[in-house]
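Visitor: Chains X and F, in that order, give the protein sequences. Residues 1 to 116 in the numbering used here are what the first sequence lists, from first letter to last. Residues 117 to 231 in the numbering used here are what the second sequence lists, from first letter to last.
Keep in mind that the hints were calculated from the coordinates and are not lab data. Cβ atoms here follow ideal geometry from the backbone N, Cα and C, with glycine treated the same way. The reader is advised that the hints may include incorrect statements.
Facing chain X, from chain F, some residues (calculated, C-beta under 10 Å) [claimed, not checked]:
1) Lys158
2) Ser208
3) Leu223
Residues per chain are reported as follows:
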Amino acid sequence: DSGVTQTPKHLITATGQRVTLRCSPRSGDLSVYWYQQSLDQGLQFLIQYYNGEERAKGNILERFSAQQFPDLHSELNLSSLELGDSALYFCASSVAETGTGRSEQYFGPGTRLTVT
Amino acid sequence: QKEVEQDPGPLSVPEGAIVSLNCTYSNSAFQYFMWYRQYSRKGPELLMYTYSSGNKEDGRFTAQVDKSSKYISLFIRDSQPSDSATYLCAMSSLYNAGNNRKLIWGLGTSLAVNP
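So that you can see chain X by itself, here it is in the shape it has in the complex (with noise of 0.2 Å):
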């Protein structure tokens, strides 16, 4: 168990629908990072937070939107939906941002999204 935690675990929604996925980093940690990985794909940065602030933006889609709050959880928005979009989606947080010590990430158990 990494510490970091995931909800939902699963997902199925119809094309053209938005949901929202919610992530909790370790306690501790100030940085949080989304990632797309689809069936048989590697992992796809989408973006980063630090501390609330938005630090660096991987191939996101303008549909796809994020934030990080106070009490430093993270909730990623994926709006419009299509059936590409159908994939597993991870959250992982570290204590300090890439390019800095302590910058190791840790993995959630993910969201399966099931688009129809």
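Add chain F to chain X, keeping to what the hints say.
Guide: Leaving out everything else, chain F in the frame of chain X:
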């Protein structure tokens, strides 16, 4: 050219074998190197974390970094069927600005250890 190259395999070895997994990279600024293990449809699990060059050992796992060759390795001794998973390398530079904040990932090597 991708910043990080990793042979996807699959790699199949008998139980008890020594496994060597490798990644090459092109960015000489990379200083932090990590190896993760991912079981099917589970979250990646951090195995090893090293800074700069050298070796690091933890149980049956040894991580090596050769910065002159831009090459990192993970060795697994006495491999077990439970080691069957995908192994991902990841790395980042020292500087905390702009795109340097991102962790750059290999695509992963699929390993099967056969009893």
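Visitor: Run every hint past the structure and note whether it holds.
Guide: Hint check:
1. Lys158: 7 Å, holds
2. Ser208: 5 Å, holds
3. Leu223: 4 Å, holds
The structure agrees with every numbered hint stated previously.
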